[in-house]
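Undergrad: Given next are the chains, with one letter for each unit.
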Amino acid sequence: MHFSLLLNSALILFSRLASASTSSYKEQLLLRPLPQNALLASFNFKSNSSSTSFEQQNFRYFPRSLGQILQHAHTKELHLRFSLGRWDAESWGARPWDGAREGGTGVELWAWVESENDEEANARWLTLTNALSGLFCASLNFIDATKTIRPVMTFEPEGIHPKGAMDKLQLLHGTLPHEVVCTENLTPFLKLLPCKGKAGISSLLDGHKLFDAAWQTMAIDIRPVCAADGECTLEIEHTVDMVLDIARSKRPRDNPIPRPLPIEQMECDTSKSYHGDDTCFPLHKSSEPAWSVSEVFGHPLKGSCTLSDTETTTESICVNVPSDRTIDVKGAFNISQSSHNNDNLRCFTLPTDGSDFDLSFPEQTLQAPTTLQKPNLYAARSITGYGQERGGIQAVVSNPSPTSAVSIVYLESLPWYMKPYLHTLRAVISPTNANNGHQNKSKSRSTEDNLNPVKETYYRPALDRHRGTHLELRLEIPASSTLILTYDFEKAVLRYTEYPPDANRGFDVAPAVIRLLSSRETEGGAPGMYLRTTSLLLPLPTPDFSMPYNVIILTSTVMALGM
Amino acid sequence: MAAISTAILALRRDRRILKLPPYLSALLIIIGVTWLLLLPLNAYSRNTYVSENALLPGQVHTYFGGSEHNIFRAYRQEVSAISEKTPEERKESLVDILSSAGLKVGTQKFKYGVSGNEVEGENVYALLQGPRADATEAIVLIAAWKNMNGEINYSGVALVLTLARYFKRWSLWSKDIIFLISSDSTAGPQAWVDAYHDAHDPRYVASLPIKSGALQGAVAIDYPAGTWGHRFDKLHVVYDGINGQLPNLDLFNTAVSIASGQMGIGCTLQRMWEHNDQYLPRLQTMLRGMLNQGLGHATGPHSSFIPYHVDAITLQTVGDGWHDEMSLGRTVEGLFRSLNNLLEHLHQSFFFYLLMQANRFVSIGTYLPSAMLVAGSFTVMCIALWVQSGRPEDLKGKVGSTDEKSPAGEKEANTPKMVLIKGPGSSKAIVPITMLGVVERHLFLPFALLTSFHFLGLVPFYLFNHTPIPSLTTAFIAFTIVTLPLPYILANILPRKLTKQELMLLQCFTLLLLGLFLSALATLNFSLSLLIGLLSAPFSFIRPLGTTDTSSPQQKQSSSTTPIPPKFSKPMQPPPTSNPPTSSTIPSKTNPRTLILHILQALLLTALSPPVVIIAASSLWNVPGVSLSQVLAMATTGWWIHGLWTGVVVWLVWWPAWFTASFLVGAGAWF
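Protein sequence lines, in the order shown, are assigned to chains A and B. Taking UniProt numbering, the leading residue of the first sequence gets 1, the next gets one more, and so forth. Taking UniProt numbering, the leading residue of the second sequence gets 1, the next gets one more, and so forth.
Rather than coming from a laboratory, the hints here were simulated on the basis of the structure. Only a predicted model underlies this, so the values are computations on that prediction, with no experimental measurement involved. Relax, there's no trap hidden among the hints.
For the chain A half of the interface with chain B, some residues (derived, Cβ under 7 Å), not all of them:
{"no.": "1", "residue": "36"}
{"no.": "2", "residue": "86"}
{"no.": "3", "residue": "105"}
{"no.": "4", "residue": "212"}
{"no.": "5", "residue": "214"}
{"no.": "6", "residue": "248"}
{"no.": "7", "residue": "259"}
{"no.": "8", "residue": "263"}
{"no.": "9", "residue": "274"}
{"no.": "10", "residue": "384"}
{"no.": "11", "residue": "502"}
{"no.": "12", "residue": "504"}
{"no.": "13", "residue": "505"}
Beta carbons: idealized from backbone N, C-alpha and C, even for Gly.
Assemble the whole structure, with the sequences as input and the hints as a guide.
TA: Written out as structure tokens, the structure is:
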């Protein structure tokens, strides 16, 4: 008994030493002020583990709880997303990570599961979703067959799988658009991190701030990376992106109510003729607001996570601001600052002794405003029509690029009670008449009208109560054009017991996933460029649920009287 | 079982039963009206209550005040400054103010063609993306640039701008909030909400550049106080939607409970400025509400939202009092906090109700019978006429007639011809032959006339929706003058006079249609159904007088004979075919009583003809500024912009029924 314990610990010690070379951990925070007083905070945590130590259940940076689930469910690559809110592409520009690390509203999960046939894949997928449901305190177990699809074109494996392994892998994808992401999902997320939110940049992740964000997404990506010689490492990447409203986040927690400011503190436009003691036209300030990390996140950074690689000095906090923006660095010594000229990126190394670290930005008027990268694509989707019987979906995807056409994959995963009529599917290209006048309007219209933007269609119709609709389209949008995709659908009448308790709210329809196919062929390992629309609320014909209640009450009364 | 069916069959031939329908029909109408008059009593109406628990009206502290007042005053100055500029500059200023508050701003142009006229404008709206929202739900705050009376909504627009800036600071919004400044109170909101649901015609209305999720509610503010403000006394809550559709009562109740309970602002409705909660004001409020509902016109910017199942109300400031814009702002804030709490679309409370005071209502279960009874009165008369038209000619004259001029032949006819009927076994009966007779109904002409009269209704319908608005009044008066004598002329230029039975069938069918339409309509627009029902109630009772002597059917002893099921009956001779009324059945034209009755009928029908009612109602309406031309213009704009169905009901249901009734009177007159 004692001997075996000793042996075990010795083995563990040995394997740790052995795996130290292959396993590593790295964390990074990027702060980027956005227009309209918003701030993008992008947290990224990466750790590795060699697949041999993973298979031997030697976990160092790789979370054991998650690792065992993956082994049990024979899952080779996994992507899990928790998202809330929406990214405002018009004001905030291109998405962080090109959209590859974000999900649609709610929970989204896709994974490559090793299996011999479909039934085995479904069984393992079920195991996986149920286990993850327990781990992340989310209703992932509600991803059943009706919410699962097998996308064909939209997702490519990010990892480099061993040769021949891809043949046995099946991709399954499920979404829960109604899932409200909250602190109970953040806590298990933080627990998976090596420093568990106690030190390093993860100490800034606080539920109050994270879920007050205008947009936030938490992502976990696990992928194997295999070299040509068959040596594999398993990479896990945790990503948290959020857009905070600086003014709202700066409010102290004990007084979060945005009361009207005292009149003395108001900043008025005194140039107005009617300006006076009782009249104040609010001054529109063009200067950058003042903020600091401790104000925005509620507390300063508590040192660095000492588990991260120390041999290479990692710059774990980077700020993407114009070079003339003043930054006051508060905190202990041991700070290195380096400027990357190309991207206006300034990075800092955190103190290793656990002392507090803070960055503050005074109010400043900048010469040149921050230039944002323009997004490659804009997309919006909405329900059209009204009434209880049928409706329509309209997706508007526009390509702002004046020169190059883009090729996209549009994926819809619709619930079975929303029955699309595929024959009503129309994809119309029209030139975006924003600034390039009308001279090329007629020309482009004549050439594009005979051009069908739909290049490829993959459609798997729904089966009532068994599976949802899966629609994938490959579309091509010419330069500076807008694609309007419309189709009609019919609303099914559900059975009495199939309605949720809040039946009159409507039913959530998962966001559409749009993948940008880049012109050059991407190799495995590069995450693609993605875009997700907002989810939709589909009102279905709902019975008056109080009616059966009344009938029951009445019948019971009559029966009681009879007794 | 057999006994019951034979008893019923016997009842079918009971003369007392056949005499009953006119009285029954009149009784139904009287009960219907009395029912309506009883509704304002405490025993029949109820106090309102908030049914949806999630709303929690007035439970939050509202913070709109302090320095926001300074900003409000500045915005009101801005609004009054831009009101003197061109619409294009106005739009740009509004866009500037809204986008400087950090909102996403969109504009929408629209240009409707309404019978030769053009209604155009541009809506400006801003989207506040709720920090806790996922773009699936949205609520709308509206201020029309011009209110229903054409006044510029200075303070209302300024208040929406201030609230937009104020709401942006809160992080608790779980739904998006859309601030809509429409260029007018009817066409602008309609264009916007049509485009929001993608139900617009892109030739007239531009699509919206920015959209959010499903609309959950809309509140419009109408506060036309100018630069120096105006303290108001009460809030006038306007809730009528297009085609008489109403918002969920919970929204109304929430607004009333926040305004009066939390802010201490009294609420009125239906222009009842003084209301002491007694029977008469309650009745008056209810009737005004019914009139508005029946007309189904747009009563404010909120009206266009209701057909899309978006509950909406307008808060209008009225009177001189001590409440200022901040009280209104805090009311709106409280209302939006309540709507923000909603987990589900408003569905708990009533969609069909009549309000008689700000916190008193009757629900559909209580009031619907009155319209249904009125509609049912037509069906009763229709059945009676159908049965009567299938009966053979009754024997004329009374048994104890004092009419000494009755020819000898009739006396002979008074002793009816009998027929011997053998039943099963040895049972036999002697029955008057008329009882067994079946009269063939000649349906073609009544049907043809009925159909053509209903199609004739398309003429005024087309005419009044295509005539240019300035010449509408002339066209209407001309139409009235032409069509009032038309049915009488038509009845007398027909190549063949209609028989009594055909007239009866014509009346029967028109009453059948009326009963059908009105009872179906009662569930959709109760008030319109009741109004039309009451106005066409005399159509059941008019008779083509030249032929109305069936009102004195002879009492027969036939009820005492043993009824025999028809399958056993063996008539000895073929039933007499219906023969056109002989001249002997028609009293002489010179009968002064008939003539007076006839003139009275014609006068009554003329007074109740749709054009006369419309002219009379619009000139007698006590609301200043309502004239015939405005009513007609409203009807045509309603049809083209809002999809108002009242015109369809008036011209294709009511007018043909009136036309048929007048035709009947006319057909009787010149025999």
